[in-house]
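Throw the hints in and build the complete structure from the sequences for me.
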Amino acid sequence: MSKRPFLIPFLVPAILVAVIFLAALAEILQYSFREFIPGSLDVGGFTLDNFARIYRPVYFKAVVNTFVLSLATAFFTLILSYPIAFALVRTKVEWVRTLLILLSITPLFTGEIVRTYAWMLVLGTNGFLNTMLLDIGIISEPVTFMYTRAGVVIALVQFAMPVMIIILATAISHINTDYEKAAANLGARPWTVITRVVIPLTMPGIISGFIVIFAWTMSAFATPQLIGGGKVLMISNAIYLQGFSALNFPFAATLSVIALISAFASLALMKLIANRLERQTAIH
Amino acid sequence: MKKLMVALGALAIALASTAASAQEKLIVSVWGGNWKDGAAIIAKEFTKRTGMEVEFITGGTLDRLAKAKVAKDNPESDVVYTTSHVGYLYQSDGLFEKLDKSKLTNFANLYPAADRGDYEVGVYSYVYSPVFRTDLMPKDFRITSWNDLWSDAVAGKLSMPDFDPSHIIVASSILAGGDAATWEKGVPLLEKLKPNIKAFYQSDATSQDLLKTGETPVQIMLSINAYHLIQNGVPITIEIPKEGAVVGIGALGINKGTKKLDAAHEFINVALDPVVQQEICDFHKCSPMNKDAKVSPELAKLPGIFTTPEQWSTQAIITPDEVQAKLLPTWKAWFTENMMQ
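Those protein sequence lines, which keep their order, are chains C and F.
Under our numbering, think of the first position of the first sequence as 5, with each following residue one higher.
Under our numbering, think of the first position of the second sequence as 861, with each following residue one higher.
Simulated from the structure, these hints should not be mistaken for laboratory data.
Note that the structure is a prediction, hence the values are computed from the model and not measured.
Where is the CB? At the ideal position from N, CA and C, for every residue including glycine.
Everything hinted at is true.
Some chain F residues well away from chain C (every beta-carbon gap over 10 angstroms; in silico):
(1) M912
(2) S1011
(3) P1055
(4) G1093
(5) K1116
Mimicking BS3-like on lysine-lysine, the simulated pairs with C-alpha atoms at most 25 angstroms apart in a straight line are:
(6) F/K1120 with F/K932
(7) F/K1054 with F/K1072
(8) C/K65 with F/K1052
(9) F/K1054 with C/K235
(10) F/K958 with F/K927
(11) C/K65 with F/K1054
(12) C/K235 with F/K1052
(13) F/K1151 with F/K1161
(14) F/K1072 with C/K235
(15) F/K904 with F/K1116
Structure, rendered in structure tokens:
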């Protein structure tokens, strides 16, 4: 940097954004320690009551829900995206590649609300999925998908898949196919090649994809709000309820602080596990 | 450099003229979409009478309140259109001017429910009441009392708003012999209602979807949304329970610090004019506040449209704005912690 002083002004916008962001965070932090005055937008003096309230089951459950649903979403997104990403990179047929790109990436260009509404139509009691399952005789009564954790995860997975596919496809495309050929020549079956060569070599991509989707889902709002229908609360929904319908900004700020701490703690834990996993699966 | 100076000068003149023209307009803060179109009915008549144009700034209930708080002494609007209990928050934070009711010549003709104190006045009302899909509920199913929401027929079929639980809380309290201020009396009943609740809705759109798709065949619903569904052929019935339906009131107040105090009063007075009231209510399908407003017969016969003093006294549950504004956060917290898990 010292050799290129002309680059320093380019840092100004980033510093400015960082300062504003930190100022906003500081404001949220100070609000979280302030007393709520019902019937007023003003806040009272210093209090720790907001943090004591976190231990009430509904908020604690929202934090746990956020962690569990983020983990489940990241896991299922990975499982479903990997074969698609692999096929996308390895297929030699142009139209198959185009079709896969169309099917997997284009949902990225529709908004979260639009996609969530579409899922509401699919997952409803009289929705597409239940109607189809009833028609083909797999079920005799409609299955409840809406307002359940399963329904929320299904919609979140579909929402996250395009990003996961891009990350995994990038990782898979960097593997030298000679490794796979060598393994096959030495007698490895296709499944063994995938599990012993391809997957370990793409582990950095798997880990980053998992962490990205996990972190992304931790802040999910519209999908749990609409598919969860108030029955599946994630932390962002709890913040919204407190801030924007109860007008209890101090407690909403406290929940935001807890959400931030939970996100950092979860990511640190995940990074620790990821590092260990990466070392174990590394090919020397 | 000379060219730059000329361009800057032209820009300054353009900005100054924009500011000057803004001064000639009355700025009204209102919700977007349909609500803005309803306010435009008032604006049209106001401009006809005064020659002053009206400009709308739109936003949600709470972001407009937050903006008004930030702007405080230098308000970006002159008049605020909001819900009456949110209006109480404006006034308690010193964001509303005290109304000079001598300038509101139509005030004398209003139903008592329109009198929301010294700082705001009710313009129209709507109700939250039980609604059900006639094709998805048993043939003999009726809701004559709020108590019917606790029946076995409603088990796992009910939805209600998550952003404002006041309707069911107040109704439960009334059933238990209390009122809004003594809401805790209804808590045991509320707890018994939990198994009947299938979902909570977050907006008018999701509320309508839940009924349209049949996901929740019974709902505590905003009357305006119910009429809209009926108009679109969804087989639903809106019932006014014998205890009454929970009333919400759209109100107008004047921003503290406005430089167009007289014009702002005139805008409110126009909004209370019987003919304008009739137009607003025919447009929104709501109840007028002016006793002389003659809404269409089709509208008048809808459940939840109050056009007589008797209907107001027997069918309307009205919570004082101060009680609602001060207790809503407590209700919301209790509801979230006890009903939504």
